[in-house]
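Visitor: Listed below, chain by chain, are the residues.
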Amino acid sequence: MKRRRIIFVLAAVLIAAPALAQQQVGTATAVNPLSESTPPGGATAPLTVGARIIHKERIHTTSSGTAQLAFLDKSTLSIAPNTNIVINEFVYDPNSGKGHMLASLTQGALRFVGGALSHAGEASIVTPAAAVGIRGGTFMIVIDRTGVHVFDLFGIGTVHNAGGTMILSRAGYEVTILSWTTPPGQPVRVTVAEIDRLLALLTSKPGQNGGVPGLHTVTIGECGLLGTQSTNCPNTTWLPTDTGFNDAGQIITQGTQFGTGTTVQGTTARPGR
Amino acid sequence: MLLALLPDSAAAQTPSDFAGTVGPLYQGILARPSDLTNTLQYAANASADDIESAIGTYEQLLFYNPKLSRVRFELGVLYFRLGSYDMAGSYLRSALQMPDVTPDIEARAADLLAIVDKKRQVDQFTGYVQSGLAYQSNPGSGPGAQTVLASGHAFDNRFFSQSDWNWFGAFAVNYVHDFETQNADTFEASAVGYDAQEFRLHQFDIGLVEFRAGPRFGIPTGDPKTSLSIKPYVIATGALLADTPYYGGVGGGLTVHTNVGNLALDPYVEIVQQSFRSSSFYPLASGFSGTLSTYGLQASGPIASSWGFQTRLGFGHASDNYNPYSYDVYAADLWLPWNFSFPGDGRMWTLIPSFGVSRWLYAAPDPTIDPNTTPRTTEWRAGLGLEIPLWRQVVLATLVQYRADRSNVAAFTMHNLAVSAGPTFKF
Numbered sequence: 001m002k003r004r005r006i007i008f009v010l011a012a013v014l015i016a017a018p019a020l021a022q023q024q025v026g027t028a029t030a031v032n033p034l035s036e037s038t039p040p041g042g043a044t045a046p047l048t049v050g051a052r053i054i055h056k057e058r059i060h061t062t063s064s065g066t067a068q069l070a071f072l073d074k075s076t077l078s079i080a081p082n083t084n085i086v087i088n089e090f091v092y093d094p095n096s097g098k099g100h101m102l103a104s105l106t107q108g109a110l111r112f113v114g115g116a117l118s119h120a121g122e123a124s125i126v127t128p129a130a131a132v133g134i135r136g137g138t139f140m141i142v143i144d145r146t147g148v149h150v151f152d153l154f155g156i157g158t159v160h161n162a163g164g165t166m167i168l169s170r171a172g173y174e175v176t177i178l179s180w181t182t183p184p185g186q187p188v189r190v191t192v193a194e195i196d197r198l199l200a201l202l203t204s205k206p207g208q209n210g211g212v213p214g215l216h217t218v219t220i221g222e223c224g225l226l227g228t229q230s231t232n233c234p235n236t237t238w239l240p241t242d243t244g245f246n247d248a249g250q251i252i253t254q255g256t257q258f259g260t261g262t263t264v265q266g267t268t269a270r271p272g273r
Numbered sequence: 001m002l003l004a005l006l007p008d009s010a011a012a013q014t015p016s017d018f019a020g021t022v023g024p025l026y027q028g029i030l031a032r033p034s035d036l037t038n039t040l041q042y043a044a045n046a047s048a049d050d051i052e053s054a055i056g057t058y059e060q061l062l063f064y065n066p067k068l069s070r071v072r073f074e075l076g077v078l079y080f081r082l083g084s085y086d087m088a089g090s091y092l093r094s095a096l097q098m099p100d101v102t103p104d105i106e107a108r109a110a111d112l113l114a115i116v117d118k119k120r121q122v123d124q125f126t127g128y129v130q131s132g133l134a135y136q137s138n139p140g141s142g143p144g145a146q147t148v149l150a151s152g153h154a155f156d157n158r159f160f161s162q163s164d165w166n167w168f169g170a171f172a173v174n175y176v177h178d179f180e181t182q183n184a185d186t187f188e189a190s191a192v193g194y195d196a197q198e199f200r201l202h203q204f205d206i207g208l209v210e211f212r213a214g215p216r217f218g219i220p221t222g223d224p225k226t227s228l229s230i231k232p233y234v235i236a237t238g239a240l241l242a243d244t245p246y247y248g249g250v251g252g253g254l255t256v257h258t259n260v261g262n263l264a265l266d267p268y269v270e271i272v273q274q275s276f277r278s279s280s281f282y283p284l285a286s287g288f289s290g291t292l293s294t295y296g297l298q299a300s301g302p303i304a305s306s307w308g309f310q311t312r313l314g315f316g317h318a319s320d321n322y323n324p325y326s327y328d329v330y331a332a333d334l335w336l337p338w339n340f341s342f343p344g345d346g347r348m349w350t351l352i353p354s355f356g357v358s359r360w361l362y363a364a365p366d367p368t369i370d371p372n373t374t375p376r377t378t379e380w381r382a383g384l385g386l387e388i389p390l391w392r393q394v395v396l397a398t399l400v401q402y403r404a405d406r407s408n409v410a411a412f413t414m415h416n417l418a419v420s421a422g423p424t425f426k427f
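For the record, the sequence lines run as chains A and B.
Residue 157 in our numbering sits at position 157 of the first sequence, and the numbers go up by one each step.
Residue 213 in our numbering sits at position 213 of the second sequence, and the numbers go up by one each step.
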């Protein structure tokens, strides 16, 4: 079903291609060299910070290149070194919040942090081994010699290929898919080392600045606040309310009020049963 | 339908239209990503209600300088708030390794990492052990010494209002076994214990322990921001009063957990078969034996920065062997925990104001107390707890609680001021 929808969307994009071809769908917000882009019908050129990203644009990073793309629906893609990705389709109506995003990852790794489209379940990333429909959500997808790895960092991922479908609905789990015809594997817990390695892969390396030099320090209030009150900070755990003190008090109260017996001429009265 | 949408959508994506719908700050990120002031402002605003967008923006800043501990810490907090504990842990650990890390970030990151590390365990234990001293103006909740029973019977003068000190100990252990399923199914068990030994009034010495255990089944909602689970559980309770076996209860319950945004809701129903044993101090206690049914709702959530709430609304119906002891009770409680840094001390203190009210409606007059009046009692509670960090996981927990009962039966009208303090080890 998911695959059929992706094909349907691709067909729709072909029909509407002239209208969409040169439309900006996002911006390169950070770029480490060497990262390149190839617009549809255009020549490959180095990608730079602030560059417009359009439909069908191909982004390629070398062994030292990384990039981050921000899209109109507020989703972002962080792109690892040695990665090939094409923004096949991006349709977004900010007034209704409707549309669809489809990207193809053919090599390398990326981290997708969701926006309006993925919140509506309308973001998909196609890899050589599976199509990943994303609801939420924050996902990492890695292609290496052992297959395609889909990491759920938050949200619901539908991993689908000719071999079957696997739903990833819990953060901290990954699925490995060997090929388009092999059923997706069972979800397994990610390791700390794996997450640490991927985080290091998906940002600047020492000496790089993402194309924006001069950021030496930042001033951020507690939990991202800039002097405003919000519910940002995770609360420190506090002692529970059911400490036993109140239950004990209730037992004693009940005992004192009813259970002690009253004396009538020195004789303990009994309930009239 | 989608085919029809495409041309309109294309038209909707012109920059002028777009600026009006996503806001000028995000428009600024797309147009001028290297404008750091704009980017930081957007990230701060988004942190309040669009966590993922804030994550994307802070990750953008990390591209510009990957050594900023403050940005890594914020990313850790944001992923923590999403429940993405692996990512939170990775960012928080990396924040600690940055050369510009400050003591306040070290302290906060360490607090959160302790939680993250537990959340990653298959078998998770949390809880506390506490010991201390308490003063109560009326530990037995008895009426004033001049109180006369309408029945003409004399009230046992050992139970009139009188003050005393006690030593108390308390503990709670919560255990969660994570079955590592995609529905987040778990097995949960808890034990709570409380023991208080009075200095003089040993008729009020009490020991209480309660166990609860049951599986929690996750239910897929299709929405990552909405969780739903259901948990049947068993309950076993035992209590000593005046150092004599006094109470035993066995029963079960069913609770559902869900969240609507940041609001967590836990409705529950419990039925407990209660068995009381009469003793020399409490010769009529066996009349309390019977069935207690409770229906309630717990809710909790944040109110503002570092300030949250928890509330419990409940209705109980006790059907006791001796009918005048049977009752209905309506209860409402509210706790407002507030975390703050005490001036000059970078550690987190917690202040917990609390308020509660219960309305007790008994089934029939008790001839031994007042043969003509069916007791109706309103119980008011107000408290103030303060947790002061002492050393690592040890806090000094203090609690001041005032309770006042107003009743149409003089013997049930009372008030009690309780003040307690003691070191508490949290794990």
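In case anyone wonders, no lab produced these hints; they're calculated from the structure.
Possibly wrong hints are sitting among the right ones.
[Said to hold, decoys possible] Cut-off 25 Å, straight-line C-alpha distance, at most; resulting in silico cross-link-like pairs (BS3-like, lysine-lysine):
#1 Lys-225(B) with Lys-67(B)
#2 Lys-225(B) with Lys-118(B)
#3 Lys-67(B) with Lys-231(B)
#4 Lys-119(B) with Lys-225(B)
#5 Lys-205(A) with Lys-67(B)
#6 Lys-225(B) with Lys-98(A)
Visitor: The structure should be examined with respect to each hint, and the outcome stated for every one.
Guide: Evaluation of the provided hints:
1. Lys-225(B) with Lys-67(B): Given pair Lys-225(B), Lys-67(B) is violated - Cα atoms ~31 Å apart, limit 25 Å.
2. Lys-225(B) with Lys-118(B): Roughly 22 Å separates the two Cα atoms, so the pair holds.
3. Lys-67(B) with Lys-231(B): Given pair Lys-67(B), Lys-231(B) is violated - Cα atoms ~44 Å apart, limit 25 Å.
4. Lys-119(B) with Lys-225(B): Holds - the C-alpha atoms of Lys-225(B) and Lys-119(B) are around 18 Å apart, at most 25 Å.
5. Lys-205(A) with Lys-67(B): With Cα atoms ~10 Å apart, Lys-205(A) and Lys-67(B) stay inside 25 Å; holds.
6. Lys-225(B) with Lys-98(A): holds (19 Å)
In this structure, the earlier hints numbered 1, 3 are contradicted, and the remaining ones agree with it.
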